[in-house]
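Enquirer: Sequence:
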Amino acid sequence: MKTVTMFLKERQSEDLIRVSRIDQLASPLESEVVARRQAGEEEQDESVFAKSALVFPSGEPLPRCWTDQKYQLH
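In terms of the working numbering, the sequence shown has 63 at position 63, counting the first letter as 1, and numbering is strictly consecutive.
Please note that the accuracy of each hint is not assured.
Taking CB as the label site, the calculated pair distances span [claimed, not checked]: (1) Lys70 / Val34: 20 to 26 Å; (2) Glu42 / Leu73: 40 to 46 Å; (3) Gln44 / Lys70: 30 to 36 Å; (4) Phe7 / Ser27: 15 to 21 Å; (5) Ser13 / Arg64: 20 to 26 Å; (6) Glu42 / Met6: 19 to 25 Å.
FYI, nobody ran anything at the bench for these hints, they're computed from the structure.
Every residue gets a Cβ at the ideal spot worked out from N, C-alpha and C, and that includes glycine.
Go ahead and model the full structure; you've got the sequences and the hints to work with.
Expert: Have a look at this one:
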C-alpha cells in the first residue's frame, strides 16, 4: 500500500509540515494533526499541530470542510 503525504506550511514560522495522516487532516472532527516539521537536514520527530496554524504552501487556508464540523450549515 502506498503512503500518501501532504505538505502544508505553518503560518507563523513558514516551515513546511509533512502530514502523513490525510484522514486526520481531512476530518472536521479533528482540530489537530500529528505531523513532522521539515526543517534542517535531520528527520524531525512527530509533533502535534493545530489545523488553525496550518495553510497550504501557497498561503491559502485549509478548506472549511476540513476544519468546521458544521460547515454545511453555513
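Enquirer: Name the hints, by number, that the structure is in violation of.
Expert: none
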